[in-house]
Amino acid sequence: MNLTYETAADLLIVRIGDDRIDAASAIQFKEAMRSIVQVPGSRVLLDLSNVSFLDSSGLGAIVAVMKMIGPDRKLELAGLTPTVTKVMHLTRMDTVLRIHTQMPAVQGLRHAG
Amino acid sequence: MRDDRAGAATSQLTLSILPKALAVRQALCDAFGQPPLSMLDDDLRGTAELVLAELLNNIVEHGRCRPDDPIRLTIRHSLRGVFCTLRDGGMPLPDVRPPPGRFPEKDASGYPAEGGYGWYLIRALAENLTYTRTPGENHLTFELKSKQSVPSGA
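Chains as they are written, first to last, in my numbering: chain A, 28 to 140; chain B, 150 to 303.
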């Protein structure tokens, strides 16, 4: 699983390089996220713009990340492709997670990974 | 793994997929490059990939199939989309019927459930689902239909 991250002020942005988070990669995604979220930041933003496919295993891994970062840090999503948007809507994750329709403009983005 | 090269001509595709997560991924990637799946509109392609992935991964994770016993998937063109048939030699579905696919409850801390969405999504997206158990084999059929309106043709 190819993940890179950047930090900007209180925001930790994690970009998923793979085009799928599915049953074959959900565990790897979760494990890679477990170390990345050690980086401080009160908001964690997943950039899913490369992800064309996400199934219920991938969805479960995103919920696992939400729990992993704890109640004091918010998980946000950006760059959703239409199929991923459909999964988020059907499973009502769009009522639990903040979903940006565009990547938020961030000043002074610093590459840290 | 494609074992029906004539599928493109008849708009029917037959796949034989070993019960492993990576084999399922590879089969889906191959299948969506070929008719009839490659001919679907983008919305229905997304729906079809999701439903097929959920059903195939359920078989891989819960079916306890013999590792060399492939899952057989047939997809053919239908009036509004595709008609699919799935056969596997794994365990029967619980209570020998397709699960109702209820929306999974939040956990005690108020977080959404981490699992249990598979059959919920299948039920939300697949139509005319049938399930038959014969000795040693599960046989599922379902249809995936386009939400786009078809020309009236009047």
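Simulated from the structure, these hints should not be mistaken for laboratory data.
Do not rely on the hints blindly, as some may be mistaken.
[Unchecked claim] For lysine to any residue, the following SDA-like pairs were computed, each having C-alpha atoms within a straight-line distance of at most 25 angstroms:
| id | chain 1 | residue 1 | chain 2 | residue 2 |
| --- | --- | --- | --- | --- |
| 1 | B | Lys255 | A | Asp37 |
| 2 | B | Lys169 | B | Asp179 |
| 3 | A | Lys94 | A | Met120 |
| 4 | A | Lys94 | B | Tyr260 |
| 5 | A | Lys113 | B | Gly239 |
| 6 | A | Lys113 | B | Gly238 |
| 7 | B | Lys255 | A | Asp45 |
| 8 | B | Lys255 | A | Met95 |
| 9 | B | Lys255 | A | Thr122 |
| 10 | B | Lys294 | A | Ser79 |
| 11 | B | Lys169 | A | Ala91 |
| 12 | A | Lys113 | B | Cys214 |
| 13 | A | Lys94 | B | Ser258 |
| 14 | B | Lys255 | A | Asp99 |
| 15 | A | Lys94 | A | Arg119 |
| 16 | A | Lys94 | A | Ser52 |
| 17 | A | Lys101 | A | Ser76 |
| 18 | A | Lys113 | B | Pro284 |
| 19 | B | Lys255 | A | Val133 |
| 20 | B | Lys296 | B | Arg272 |
| 21 | B | Lys169 | A | Asp45 |
| 22 | A | Lys101 | A | Ser62 |
| 23 | B | Lys296 | A | Thr112 |
| 24 | A | Lys101 | A | Asp37 |
| 25 | B | Lys255 | A | Glu103 |
| 26 | A | Lys113 | B | Asp191 |
Under the criterion that the straight-line Cα-Cα distance not exceed 25 angstroms, is the pair A:Lys94, B:Tyr260 satisfied? holds (7 angstroms)
Mind checking the alpha carbons of A:Lys94 and A:Ser52 for me, to see if they're no more than 25 angstroms apart? Since the Cα atoms of A:Lys94 and A:Ser52 sit roughly 19 angstroms apart, the hinted pair holds (cutoff 25 angstroms).
25 angstroms Cα cutoff - pair B:Lys255, A:Val133: violated (33 angstroms)
Holds or violated: B:Lys169 to A:Asp45, with C-alpha atoms at most 25 angstroms apart: holds (20 angstroms)
25 angstroms Cα cutoff - pair A:Lys113, B:Gly238: violated (31 angstroms)
Hinted pair, alpha-carbon criterion (25 angstroms max): B:Lys169, A:Ala91. Please report holds or violated. Given that 25 angstroms is the threshold and the Cα spacing comes to 23 angstroms, the pair holds.
Regarding the pair B:Lys255 and A:Thr122, is the alpha-carbon distance no greater than 25 angstroms? holds (13 angstroms)
Against the 25 angstroms threshold, does the CA-CA distance of B:Lys255 and A:Met95 hold or violate the hint? Cα-Cα ~16 angstroms, so holds.
Restraint check for B:Lys294 with A:Ser79, where alpha carbons must lie at most 25 angstroms apart: The given pair, whose Cα atoms are some 21 angstroms apart, holds under the 25 angstroms limit.
For B:Lys169 and B:Asp179, compute the direct alpha-carbon distance and say whether it is at most 25 angstroms. Satisfied, since the Cα-Cα distance of roughly 15 angstroms is no more than 25 angstroms.
Quickly compare the C-alpha distance for A:Lys101 and A:Ser62 to 25 angstroms and report which way the hint goes. Within the cut-off at roughly 17 angstroms; holds.
Would you check the hint for B:Lys255 and A:Glu103, treating anything up to 25 angstroms between C-alpha atoms as holding? Holds, at roughly 19 angstroms.
Of the numbered hints stated above, those contradicted by the structure are hints 1, 5, 6, 7, 12, 18, 19, listed in ascending order.
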